[in-house]
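Asks: Knowing the structure of chain A, use the given hints to seat chain B on it.
So the protein sequences, as listed, match chains A and B.
Residue 1 is where the first sequence starts when you use the working numbering, and the numbers rise one by one after that.
Residue 1001 is where the second sequence starts when you use the working numbering, and the numbers rise one by one after that.
I should point out that these hints are in silico values taken from the structure, not numbers from a laboratory.
Please note that a few of the clues may not be correct.
So, partial list: chain A residues that the calculated Cβ filter (under 7 Å) puts toward chain B [to be verified]: (1) I41; (2) A150; (3) R154.
These numbers come from a predicted model, not from an experiment.
Yeah, the Cβ is synthetic: ideal placement off N, Cα and C, and Gly gets one too.
Below are the chains, spelled out letter by letter.
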Amino acid sequence: MSQRITIDPITRIEGHLRIDVEVENNTVSNAWASCTMWRGIENILRGRDPRDAWLFTQRFCGVCTTVHAMASVRAVEDALKLEIPLNAQYIRNLILIAHALHDHIVHFYQLSALDWVDVLQIPKADPAATSKLAESLSPWTRNSRNELKAAQDRVNAVASSGQLGIFANGYWGHPAMRLSPDVNLLAFSHYVQALEYQRKALQVVGILGSKTPHIQNLTVGGVANAIDLDNQSALGMEKLELIRTLLTEVTQFVQQVYFIDVCAVAALYPDWFNIGSGVRNYLAVPDLPLDSRGSSYDLPGGYIRGGDLAGVKSFQTASDAVFRQSVTEDVVHAYYEGEKPLHPWAGETQPAFSGWNGEQKYSWVKAPRFNGEPMQVGPLAQVLIGYSQGHPLTRKYADLALEKVAAIGGVRATPAALHSTLGRHAARAIRACMLAELAQKHLQLLTDNIAKGDYTVHNEPVLPSHEVEGVGTHEAPRGTLSHWVVIKNEKIKNYQAVVPSTWNASPRDGKGAHGPYEASLLNTPLAKPEEPLEVLRTVHSFDPCMACACHAFDPSGRKIGIAKIL
Amino acid sequence: MKNALIAGIGNVLLGDDAAGPYVVRLLEALYKFGNNVEIADLGTPALDLTHRISGLNTVILVDSVASHDDPPGTVLLYAKSDIVGEGPSERLDPHSPALSECLMAAEMLGFSPENVLLVGIVGERYEPGEPLSSAVQQSIGAAIDAILQELEQHGFEFEKRALPIEPGIWWCDADFASIASC
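So here's chain A without its partners, still in its complex pose (with noise of 0.2 Å):
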């Protein structure tokens, strides 16, 4: 007999997720992917100017501030065929690895990691133990004894007090948690750790950006930073020497601890280098553009097909012509009005709900398809593109991951094990060393361009008043992002944003593929299937973050005044 299990909503961060799966022998059969709140935002840019739109793509998501920013310049800057100044580049490239770092780290400590740790097994815990467990693993300074022990007694002050607090929700004690008492107390006190590099990425962004979580300083053309060595509010040497330590301790922090924790906890559960597979129609774009046309990059793009690396295919730009028309939105599944496919310069956004179901529409997220195809996005997709293209930063990191994973799990791992749930976890750790050791070396090469005495940092952008029509992407942490605009008479025309979430998001497409969450669902077995918490490990691999609106505070506490309306 099957049951049907709801999970509504499904992240910790961003609400709006629903995932429906059909459990038969305690394993899944079916499942749903859906978004359950109107998204549509990029009506609103209709008729403004486009040297504004970023202003308000930037407010698309609370999360992704900067990466809605960035790619809605760059979607207008190529529709003018704009090019951007050197210095631009490389701070806008900084800000995109400061965030994407912050991200990561977000995700793995505070989003997904106690899908695999065992809060209240920590009580149980030897620090003088798990401390000599840390040195074996890695030469980070703060794993003392001391620093074991605050953490373990801070979960022990939550958890003697009766009230798990901010530990309420966990599946605790479920059968599937395998850590040992120390492995877990190691994982939490880097937990507590993580807040601290996370605000330091965060605090790079400020300082280029002049602001979190909304930067102020891009435009159509460049960005708005002053740059002069002498003048402290400007940005000069004084802050390019901040940025440069706070880049340090963040990339200590990755390589050290992120990385490390990712491959122990891969190590210590194997068989989900088996699980959670799906899609393997993977895509990327290239990014972190090196010239001012943004015709050579540090991170490669492309696309594989059915999970055949040997095979895949490269994108030469960011705005690669195989990428500009491929890409179509599909709303068979979602509450929009239409039929066919639409190309993101023709799509449309006009909702029509008709209630969840299953074998109709069920989502408000469209279905984006490459070629046809659902396409799996995010970091998996990046280093599995890079590494088929034999990208030497890419190998690096992958293989250094794989002999980590084989050294603290005598378990033998190879590329081929990444198409799973701990591979999406092992790829986004890799990613981010991979953008540690680059934010070094962008950081480096906007000091030696200034030094040369190059100030520029902005083009004027000149709008036609014939129409144009422009693709702007951003390989985000989530995934491949895109905006694209038509611009007519100086106003948007038309604005659509595909992103990241949408494309792993997305619902079955009119051929009845099913989209990458649902896809990876498919034959995951359960444990209790009361319990969903192995769907849970699955779907946060993804790093799910369904923005695409949000709604009141809605506290049930209760109320302790009233204001009067005046």
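Replies: Then chain B, alone, in the frame of chain A:
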């Protein structure tokens, strides 16, 4: 020195969800504060709110709230215990989990702010691109009064500007006549 954060929470593109950012931007346009008071439009910061509130003396958050009992535009005040009392929420939307989870995280880490007040404005419509509903618009003054009262209670100084400055409400064509009336 004691310090305070007054933060507007909400998505400015979604009708009444802009109430928080709107109120704090207006507050800044109308009043002058000491260097120990930070005013910020934080959008929907999710878990990054933890960094913003950690270690502060006083945190005042302004957000739109849902209510079954009170009509749109009602200003409801919530204390820290109201927000964290029931444990982590069902995570129904982008920022409500953040309010409770961030406060709980700060508490666990020993950095919880001493005073926390949530000034909630009951919203009516959350449609993309819509301005504030008139009910919410009319409650702005009451929300500002609630903020000022909280600041006063904890000994923070402020003074009304002789001439309001531009409030920077860039996302809509704000009706500045309403500012003068606050």
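Asks: It remains to establish, for every hint, whether it holds in the given structure.
Replies: Structure-based check of all given hints:
no. : hint : verdict
1   : I41  : holds (5 Å)
2   : A150 : violated (10 Å)
3   : R154 : holds (6 Å)
When held up to the earlier numbered hints, the structure conflicts with hint 2 and nothing else.
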